[in-house]
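K.L.:
Residue-level listing of the chains:
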Amino acid sequence: MSGTWMSTRAWLLMTPLLAVMIAVIGWPMVQTVGLSFTDAKLVGTAGTFVGLDNYARMLASSNFQRTLVTTVWFAVVSVGAEMMLGVLAALLLNQEFRGRTALRALMILPWALPTVVNATLWRLIYNPEYGALNAALTQIGLLDAYRSWLGEPGSALTALIVADCWKNFPLVALIALAALQAVPRDITAASLVDGAGPFNRFRFVILPYLAGPLVVALVLRTIEAFKVFDIIWVMTRGGPANSTRTLSILVYQEAFSFQRAGSGASLALIVTLLVTLLALAYAALVRKTAGRAF
Amino acid sequence: MERRSLAFSVFIHMAALLLAAVILAPLVWLFVMSISPAADLSAKPLRWWPQTVDFSRYALLLSTVANSAGAAFTASLRNSLLVSGMATAAAIALAIPAGWAVSRTPTVGWSLSLVIATYMLPPVALAVPLYMGLSALGLLNTVFGLALVYLTILAPFTTWLMKSGFDTIPREIESAAMIDGAGLWQTLRIITLPLAAPVMATSALFAFLLAWDEFFYALLFTSDQRAKTLTVAIADLAGGRVSDYGLIATAGVLAALPPVLIGFLMQRALISGLTSGGVKG
Numbered sequence: 001m002s003g004t005w006m007s008t009r010a011w012l013l014m015t016p017l018l019a020v021m022i023a024v025i026g027w028p029m030v031q032t033v034g035l036s037f038t039d040a041k042l043v044g045t046a047g048t049f050v051g052l053d054n055y056a057r058m059l060a061s062s063n064f065q066r067t068l069v070t071t072v073w074f075a076v077v078s079v080g081a082e083m084m085l086g087v088l089a090a091l092l093l094n095q096e097f098r099g100r101t102a103l104r105a106l107m108i109l110p111w112a113l114p115t116v117v118n119a120t121l122w123r124l125i126y127n128p129e130y131g132a133l134n135a136a137l138t139q140i141g142l143l144d145a146y147r148s149w150l151g152e153p154g155s156a157l158t159a160l161i162v163a164d165c166w167k168n169f170p171l172v173a174l175i176a177l178a179a180l181q182a183v184p185r186d187i188t189a190a191s192l193v194d195g196a197g198p199f200n201r202f203r204f205v206i207l208p209y210l211a212g213p214l215v216v217a218l219v220l221r222t223i224e225a226f227k228v229f230d231i232i233w234v235m236t237r238g239g240p241a242n243s244t245r246t247l248s249i250l251v252y253q254e255a256f257s258f259q260r261a262g263s264g265a266s267l268a269l270i271v272t273l274l275v276t277l278l279a280l281a282y283a284a285l286v287r288k289t290a291g292r293a294f
Numbered sequence: 295m296e297r298r299s300l301a302f303s304v305f306i307h308m309a310a311l312l313l314a315a316v317i318l319a320p321l322v323w324l325f326v327m328s329i330s331p332a333a334d335l336s337a338k339p340l341r342w343w344p345q346t347v348d349f350s351r352y353a354l355l356l357s358t359v360a361n362s363a364g365a366a367f368t369a370s371l372r373n374s375l376l377v378s379g380m381a382t383a384a385a386i387a388l389a390i391p392a393g394w395a396v397s398r399t400p401t402v403g404w405s406l407s408l409v410i411a412t413y414m415l416p417p418v419a420l421a422v423p424l425y426m427g428l429s430a431l432g433l434l435n436t437v438f439g440l441a442l443v444y445l446t447i448l449a450p451f452t453t454w455l456m457k458s459g460f461d462t463i464p465r466e467i468e469s470a471a472m473i474d475g476a477g478l479w480q481t482l483r484i485i486t487l488p489l490a491a492p493v494m495a496t497s498a499l500f501a502f503l504l505a506w507d508e509f510f511y512a513l514l515f516t517s518d519q520r521a522k523t524l525t526v527a528i529a530d531l532a533g534g535r536v537s538d539y540g541l542i543a544t545a546g547v548l549a550a551l552p553p554v555l556i557g558f559l560m561q562r563a564l565i566s567g568l569t570s571g572g573v574k575g
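Going down the list, the protein sequences come from chains A and B.
Once you know that position 220 of the first sequence is 220 in my numbering, the rest is easy, because the numbers rise by one and skip nothing.
Just so we're on the same page, my numbering is the position in the second sequence counted from 1, plus 294.
Isolated chain B (complex conformation):
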């Protein structure tokens, strides 16, 4: 490495501080709002740090007393967990056989390319028929119906990830097992799937994040506590008549916690996953 001059070194450190401030300031402010008394948030000049720390909004939102703000929030939390969980499980179940098939038999790969190309479709292009279809099946405003619709987003993505994962497992290992007398299913169960377990976990976490983040279909296809997800509940709060901004911020913090934890947990996988397609060209 070249020797850095003092001026350059100072510049690098200043720039790093600036970048950290840009990233952190809005997030720290979200948290500060959630623990500030309502009076502090509407004070002029604005109080940047609360005089007394107030965690009561967290207790309020996580309480399950009937007809409270908490009941609506916990219901949406449960719905988000259910929808994201079901959609992820279904997407992985579809992705494993399809991903393996494309990985081992490239001649059918064009069908996966077609599936992945649907990424370009704006959700609004599918919304009206999906709305009519769910309505005809009686699945509007149900977590099951929403999870089914989420497969439009999750399944192509997980299949592509699983296919890339299977590509890294040499097929010679599978052939060796078969020469030793194992059948196809046995080989897959004993050899391939255990080796693909890390990729499966990564794909599942990515899929869960995508479903947790989804807003458009949830806005259209859910209408009350039976199926409304967190994203819709928060948009309701933000656009509604809530006068305590701290409550909106608290809901935001709670909704952000699971994906942020997952994000930290899979930093490495995230970076390699996001770049592998690009670096290999």
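Bound-form chain A, shown alone:
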């Protein structure tokens, strides 16, 4: 068969997907770009052209800067903790002990639990009057009086990060475990014969197998954490005193709560640009990890 016909046929088969993607992603994206240069409201008039005003105003606003810091903090701490806990859990699950298969199956549970259910569950656990965390800590004597974990700016973000980690570290663990099981037995055996200690064995024998899959997990989790909305909306709606407000929550407030579609669009595009830059930086990292022989 000729190459031209092959490629024409391929394009024909791609058409339904591409048409739908243009309708639900491509065209809306073009409209968002258009809106970002206007002062349009969510309902009513189309708005007038204001050039780069929205961008300048958003970038200069203290709301945006503070929200950016909160988002970066949320992403770095939660993803960092998920990676560490995930690798530790995977190293454990790679050992032989009774009940290992059952424990590995349990790791599916937090992953499968819907995000909103997870958020609701932790909201109940952190409840200031009847929550299990308050009850448990007072009953074992670690806490004198009940606290409002999600109601105090000092603890709300940390409480959210714990809830997010609990749901997501098991996935990292499963990915890391699959990578660990790909390490050939004779290589670990040989390193033992050569007298490598536990640390050197991890660093030089096991880590090279882990690095690739872990970097992929890191990329996906960071992008997710940067876009985070659901868990925060259900648990705190960005409060108290905006201490848990991330970028997606800020865009939602601007575009839908205050109905400022124009400046909301410019903010959304700033977030998109940040995520894209992050992804490009990571892509470079992936290429580097893949190319390095350790």
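Calculated directly from the structure, the hints in this document are not laboratory data.
Among the hints, erroneous ones may be present.
As the list claims (entries may be wrong) - No more than 25 Å apart at the CA atoms, straight line, and that leaves these computed lysine to any residue pairs for SDA-like:
#  : chain 1 : residue 1 : chain 2 : residue 2
1  : A       : K41       : B       : G427
2  : B       : K338      : A       : L133
3  : B       : K338      : A       : G141
4  : B       : K338      : A       : E152
5  : B       : K338      : A       : L137
6  : B       : K338      : A       : K41
7  : B       : K338      : B       : S537
8  : A       : K288      : B       : S407
9  : B       : K338      : B       : F349
10 : A       : K41       : B       : G432
11 : B       : K338      : A       : S155
12 : B       : K338      : A       : V205
13 : A       : K288      : B       : G403
14 : A       : K288      : B       : M414
15 : B       : K338      : A       : T138
16 : B       : K338      : A       : S148
17 : B       : K338      : B       : S350
18 : B       : K338      : A       : A135
19 : B       : K338      : A       : G151
20 : A       : K41       : A       : Y55
21 : A       : K288      : B       : L408
22 : B       : K338      : A       : Y55
23 : A       : K41       : A       : A56
24 : A       : K41       : B       : L433
25 : B       : K338      : A       : Y146
26 : B       : K338      : A       : P128
27 : A       : K288      : B       : A411
28 : A       : K41       : A       : N242
29 : A       : K288      : A       : V205
30 : A       : K288      : B       : W404
31 : A       : K41       : A       : R237
Since the structure of chain A is provided, determine the placement of chain B on it from the hints.
P.N.:
Just chain B now, kept in the frame of chain A:
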């Protein structure tokens, strides 16, 4: 394997117990809340195990008596099933031809890469135009409109999975069938699609889970029982004036059951699916 010292063995078992407790404690507590009498949940000191087991909230939420908490919940359950089902079916229908085309004709692969790159877009970047578009088409607050929007998330994902699935089916099998006189459509129908059936099932289950979990678009584009999904109904319960925390927990348990069952069912596929991209680099 190296011989383990007793101390190391004890350490491993303690760590395994700790991990199991960390995973299980919140989940068990969710279930205990759902079967505890309301008085036990607001007792101080908190009662960790109910004196009498109370399953009445499950009956309450699953009842369809008009204007009850049950009616709202069962409506959202039906909406979630409809939206997730429709969006999954549409995503698979788009993914099969596109996935096969990219798998057999790598020169068009860049267009799929572009589609997959949309994963980076935060949903808030599309929300305003989608809202305006659905409003213009009269599709706001309909399960059909929401299912259409879910294709933004589901279609790139299923196409990528189907493409990887078709990659594992040797094209020589297809060529052999064609040499024997089968046309392209016949070959696909008789040879390729049956071989791709397991991948199709896995992709569909993943897509269903993604749609079942979705909250942001559902929050924006639905407003009452005609289209509100489970995630929105639960967020309403959690943020509302409900004074019985057990009822919120019960709704959570019910919403979690389908994905948890699917998760257990496809453990193996899940692990290989999540790692294949990474391991191959």
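K.L.:
Now, for every hint given, state plainly whether the structure supports it.
P.N.:
Tested hints:
1. A/K41 - B/G427: holds, 15 Å
2. B/K338 - A/L133: holds, 13 Å
3. B/K338 - A/G141: holds, 14 Å
4. B/K338 - A/E152: Judged against 25 Å, a Cα distance of about 22 Å means the pair holds.
5. B/K338 - A/L137: holds, 13 Å
6. B/K338 - A/K41: Answer violated: B/K338 to A/K41 is near 50 Å, above 25 Å.
7. B/K338 - B/S537: holds, 16 Å
8. A/K288 - B/S407: holds, 20 Å
9. B/K338 - B/F349: holds, 22 Å
10. A/K41 - B/G432: holds, 19 Å
11. B/K338 - A/S155: OK: B/K338 and A/S155 at ~23 Å, within 25 Å.
12. B/K338 - A/V205: Roughly 53 Å between the alpha carbons, so the hint for B/K338 and A/V205 is violated.
13. A/K288 - B/G403: Cα-Cα ~23 Å, so holds.
14. A/K288 - B/M414: holds, 21 Å
15. B/K338 - A/T138: Measuring from Cα to Cα gives roughly 10 Å; hence the hint holds.
16. B/K338 - A/S148: holds, 16 Å
17. B/K338 - B/S350: Between B/K338 and B/S350 the Cα gap is close to 23 Å, so the pair holds against 25 Å.
18. B/K338 - A/A135: holds, 8 Å
19. B/K338 - A/G151: Holds, at about 20 Å.
20. A/K41 - A/Y55: holds, 16 Å
21. A/K288 - B/L408: holds, 22 Å
22. B/K338 - A/Y55: Violated, because 52 Å separates the two Cα atoms, which is more than 25 Å.
23. A/K41 - A/A56: holds, 18 Å
24. A/K41 - B/L433: Roughly 20 Å between the alpha carbons, so the hint for A/K41 and B/L433 holds.
25. B/K338 - A/Y146: holds, 11 Å
26. B/K338 - A/P128: Cα-Cα ~12 Å, so holds.
27. A/K288 - B/A411: holds, 20 Å
28. A/K41 - A/N242: holds, 24 Å
29. A/K288 - A/V205: holds, 18 Å
30. A/K288 - B/W404: Judged against 25 Å, a Cα distance of about 22 Å means the pair holds.
31. A/K41 - A/R237: holds, 23 Å
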